[in-house]
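Enquirer: Heads up: the sequence shown begins at 1 in our numbering, then just goes up one per residue.
It is worth saying that the hints were derived from the structure and are not from the lab. Keep in mind the model is a prediction, meaning the values are calculated, not measured. Please note that a few of the clues may not be correct.
As the list claims (entries may be wrong) - Estimated spans, in silico, between C-beta atoms of each pair:
(1) 280 to 237: 37 to 47 Å
(2) 54 to 292: 20 to 30 Å
(3) 179 to 158: 38 to 48 Å
(4) 253 to 323: 14 to 24 Å
(5) 135 to 158: 12 to 22 Å
(6) 217 to 194: 42 to 52 Å
Claimed, not checked - Listed next, the in silico SDA-like pairs over lysine to any residue satisfying Cα-Cα at most 25 Å (straight line):
(7) 330 to 271
(8) 195 to 37
(9) 176 to 73
(10) 169 to 241
C-beta atoms are modelled at their ideal positions from N, C-alpha and C, and glycine is treated no differently.
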Amino acid sequence: MPPLNQTTLASTGTEMASSSSKLFYTPAAAGLIALTPSNLILERTALMGGPTSLCDYLVMAPGFLQQQDADTVNKGEYPPVAAMTSGYVFRVENQATAAFLQRVGKTGYLTKLHVERDPKHYEVVPTVLYLMCVVLSTFVMFRVEDAAASWFLCAVCCARLLHWIVIRKRAQKGWKGMGEPGVRGDLLVLVSQDKWIRIKGPVDDLKAVTSGQWLQDMTLLDQFLVGAAKLLVYGSMGFAWQMTPQGAALVVGLFAASACLLGLANSMTTTLTMFDCVVRVGERKKYGRRIEMAEELILERLGKGNCRSLKDAEWALRLGIVNSHDDLVKIAEKDEHLVHKFGLVSGHDQSQNESNTHSQEVIL
1 MPPLNQTTLA STGTEMASSS SKLFYTPAAA GLIALTPSNL ILERTALMGG PTSLCDYLVM
61 APGFLQQQDA DTVNKGEYPP VAAMTSGYVF RVENQATAAF LQRVGKTGYL TKLHVERDPK
121 HYEVVPTVLY LMCVVLSTFV MFRVEDAAAS WFLCAVCCAR LLHWIVIRKR AQKGWKGMGE
181 PGVRGDLLVL VSQDKWIRIK GPVDDLKAVT SGQWLQDMTL LDQFLVGAAK LLVYGSMGFA
241 WQMTPQGAAL VVGLFAASAC LLGLANSMTT TLTMFDCVVR VGERKKYGRR IEMAEELILE
301 RLGKGNCRSL KDAEWALRLG IVNSHDDLVK IAEKDEHLVH KFGLVSGHDQ SQNESNTHSQ
361 EVIL
């Protein structure tokens with residue numbers, strides 16, 4: 001074996017650097033970034049209750065092939081909820097709402113939310129960040145001079161458009177129960193990790209954001225379009241192999257910048273938009289024990305003028321925040337007004353009666 005001289009080592013190092021440079025600009029760095037798993041787009045879909053506008057197909061961020069999995073954003077949790085005005089106990093069936101409650105809730109705190117109808121609602125900063133993604137994608141598509149990169153981006157846009165059509169078709173308002181116009185509701189939701197949520201608003205709006213089905217099941221046509229979008233993206237990897245280093249760098253930069261902007265937009269979004277209704281976050285209050293929160297809400301509800309008996313607080317029993325009817329009686333006895341209102345015997349009066357009875361028995 002001939003000895004290696006400095007010229008041979010230098011040429012070998014140059015070849016390795018050249019091959020490494022070429023390897024960096026292969027689809028692993030450009031095309032495959034589009035296939036990177038990410039929850040950014042499906043989280044945006046959940047926060048907005050579906051697609052926002054036709055411009056969505058110009059937002060090129062990793063994870064766009066997972067958009068139809070937006071109904072898994074709640075991680076399988078359907079938290080129990082009690083209607084404190086009617087006494088009914090059910091579950092939050094809307095996956096986007098359940099995920100929003102997980103997000104805004106805080107362990108050991110009662111978080112108050114308000115629901116109202118506002119079809120034209122939008123948040124300025126998140127909307128601007130989202131539009132920057134659209135502008136950035138448009139700029140890159142018009143500025144890129146690499147034909148392979150242009151065809152790759154066009155294929156991604158077509159796939160995004162197919163997903164937009166399907167998600168718009170699925171995010172149609174369906175069954176929400178019987179309408180109750182003019183009636184206001186008050187819900188208590190128990191989210192995992194001891195996060196307690198109170199939601200107020202018109203009953204019809206509360207039903208819109210909590211009950212029924214958010215995304216309809218995919219039809220055969222929907223499955224066909226989603227499959228076509230997936231095949232389109234995977235097939236476009238052939239163009240990615242032919243990209244120049246400059247074209248690959250633009251594609252990588254576009255997806256990376258869009259991911260950052262979209263992540264910022266999601267993190268700065270403080271409301272949930274669902275079927276023309278907006279859920280806004282109010283104040284939070286900390287409690288040392290859950291029973292303290294339960295007692296405060298029970299006493300508040302029983303103190304309302306339309307409450308005529310302790311049965312109006314049995315939602316707490318069904319929800320599991322108190323153990324028995326006797327616990328409701330003990331809680332109500334802490335308020336003298338409720339003692340007289342419901343004809344209860346307070347603990348002091350009961351002990352006094354027992355003492356008098358015992359005295360009478362001793363005399364006899």
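Enquirer: Now tell me if each hint is right for this structure.
Expert: Cross-check of the supplied hints:
1. Under the hint 37 to 47 Å, the C-beta atoms of residue 280 and residue 237, about 43 Å apart, fit the expected range.
2. A hinted range of 20 to 30 Å for the beta carbons of residue 54 and residue 292 is inconsistent with their spacing of about 50 Å.
3. Hint check: residue 179 to residue 158, Cβ distance near 40 Å, so the stated range 38 to 48 Å holds.
4. Roughly 59 Å separates the CB atoms of residue 253 and residue 323, a value that falls outside the hinted 14 to 24 Å.
5. A C-beta distance of roughly 20 Å is found between residue 135 and residue 158, which places it inside the suggested range of 12 to 22 Å.
6. Here the CB-CB span from residue 217 to residue 194 is close to 33 Å, at odds with the stated 42 to 52 Å.
7. With a C-alpha separation of about 38 Å, the suggested pair residue 330 and residue 271 falls outside the 25 Å cut-off, and the hint is violated.
8. Using a Cα cut-off of 25 Å, the hinted pair residue 195 and residue 37 is violated, with the two alpha carbons roughly 29 Å apart.
9. About 21 Å separates the Cα atoms of residue 176 and residue 73, which keeps this hinted pair within 25 Å; it holds.
10. Distance check on the hinted pair: residue 169 and residue 241 sit about 34 Å apart at the alpha-carbon level, beyond 25 Å; violated.
Going through the hint list in order, the structure does not satisfy hints 2, 4, 6, 7, 8 and 10.
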